[in-house]
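Student: These protein sequences, in sequence, are chains A and B. Taking the numbering used here, the leading residue of the first sequence gets -18, the next gets one more, and so forth. Taking the numbering used here, the leading residue of the second sequence gets 20, the next gets one more, and so forth.
The set of hints was computed from the structure by calculation and includes no laboratory data. Please note that a few of the clues may not be correct.
Stated by the list, open to error - If you anchor each label on the Cβ, the simulated ranges turn out as follows:
hint: 1; chain 1: A; residue 1: Leu239; chain 2: B; residue 2: Leu53; range: 28 to 38 Å
hint: 2; chain 1: B; residue 1: Leu63; chain 2: A; residue 2: Gln32; range: 44 to 54 Å
hint: 3; chain 1: A; residue 1: Asp(-4); chain 2: B; residue 2: Ala61; range: 43 to 53 Å
hint: 4; chain 1: A; residue 1: Ile234; chain 2: B; residue 2: Gly141; range: 14 to 24 Å
hint: 5; chain 1: B; residue 1: Pro42; chain 2: A; residue 2: Pro281; range: 50 to 60 Å
Just so you know, even glycine gets a beta-carbon here, dropped at the ideal spot from N, CA and C.
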Amino acid sequence: MNQQTFESLYAGRWDQFAQWLERSGAARKQEAQSQGMASFDMPARYRELCQHLALARDRQYSADLIERLSGLALGGHQVLYGARSRSLDRARNFLRAGFPRAVRREWRFVWLAIALFFGPLAVITCAIPSHPDFAYVVLPADVIDSAQQMYGGEAKALGRKRAADTDVGMFGFYIFNNVRIGFQTFASGLLFGVGALFYLIFNGVFIGAFTGYIVDAGLAANFFSFTAGHSAFELLAICLSGAAGLKLGYALIAPGRLTRTAALRGAAAEAIPLVIGVAGMLLIAAGIEAFWSPRTFVAPIIKYAIGIAIWCLLGAYFLFAGRSHGS
Amino acid sequence: MLDTEREVPTPEGIELNLRLAGPVPRALAWSADLLLRAAAFAALSVPLRALGEVGSGIMLILWFALEWFYPTVCEVWFGGATPGKKALGLMVLQSDGTPVRLTASLIRNLLRGVDFLPFAYGFGLLSMLVNRDFQRLGDIAADTVVAYRESALKHGAIPEAAPLPPSKPLTLREQRLVLDLAARSPLLTVERARELAVLIPSVTGTQQPESALTRLLSIANYLIGRRT
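Kindly generate the complete structure, drawing on both the sequences and the hints.
Tutor: Next comes the structure, spelled out in structure tokens:
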């Protein structure tokens, strides 16, 4: 068969295929519903097109024809193999089971990150009262200066450096700042884990020194009633983003039987649920930190109780959610 | 062979061709995106500034979203490319030729920060130059590539002539040769074009410089599907 016969035989079918591809996904779906799926048997038509392309290549037909057919095949390939499940379902499943399951699956990295973060935090917090000078080594001068404004007894809204700061303004700042740190902690794990290690330990030391300094300065009641509400979401999110980063780094250092590239790909795909979860947790933390934590009309004891309740609920979520199948 | 075209085998036993994009068009696309984002941010910040502290909070959220989610949202829900990439005819694909998936897009865009190190995409550039698929680190981790949307053949550039079928079937390589030369011929002096056309007598079937070039153009017209 020469090329012209070939073209005249099948050009109509290729045109139909091209038209079908041109319509956007939504229009296609609508049409399929109104006419029944049989109106265009996409997989069969795609296989036919692949056969034509293979024939055209084998018979050395003109470059133009081959180019056109491979363009159509590429489009068909994308539609056929790029089909995705509905994203709303996926989001619900992720929240109900996917996220806590991912956290439990990566328990080694999660516990390592918790140790790397809370270890220095606890040690430094406890050490500051006996070695108060260390706070000045770690904390910049403006942080120490602002502690009194943020947590002093006369503060109208806790945790604010300036009286003019509004809830919404601080909400934006917390999102901008904290989620970025979470993402950076994860991404810097690509540097053989060193970045994630650094962020975890640095944040542990910094927060520990600040907490120790605040306690030493006698501002503990205000400080803890401010941090109680959002601490669970924020601190655990830091640990989880660190765990995700450590996983990336570990895949590069010890890829096992895979190539480093393959190990990195696998690790990144497995770590990404943690990072998505971290972003969500930090958004919630930012909301609590901006709108609830600064309030002074609530007695500290109530804020402590709520904070402890959130810690317990979050812990239970990570330990137990999504354990059963199919529910 | 040193080539930017990558062949992807499919389950149907055919090979799809992806033309991968190198650092320069990708850097241009990124710059275009940067300008676009800066313009959007500047335009929106004017009314927001009037809102005072509340507005500054919204501005920070906006900045955050533009920095971290703009590429992913564009890639996953708007045809595999940010507006900058679209302007340069690029798109992001999985390396198996399927559309980029949400997780892969998130990975490649979250790891962008590491590609940016130590400054101005230093690691990313290094990675692209070493990697045969021009992948930056984020692409490697996400298993994605950046490819051109359109094919390389530019038919418009081939001068029109009466189409003539070649006297014998040409291999794909020979066809490419003919088409490339025909497309380049308007940029060359006539003498040079004739000199080159004479070099493939197996295709044109003549040693005569003038007729060799006209034959070659005619065959090229036939090959790109012009009839009559």
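Student: Identify every previously stated hint that the structure contradicts and give their numbers, smallest first.
Tutor: Nothing - there is no hint that the structure violates, so all of them hold.
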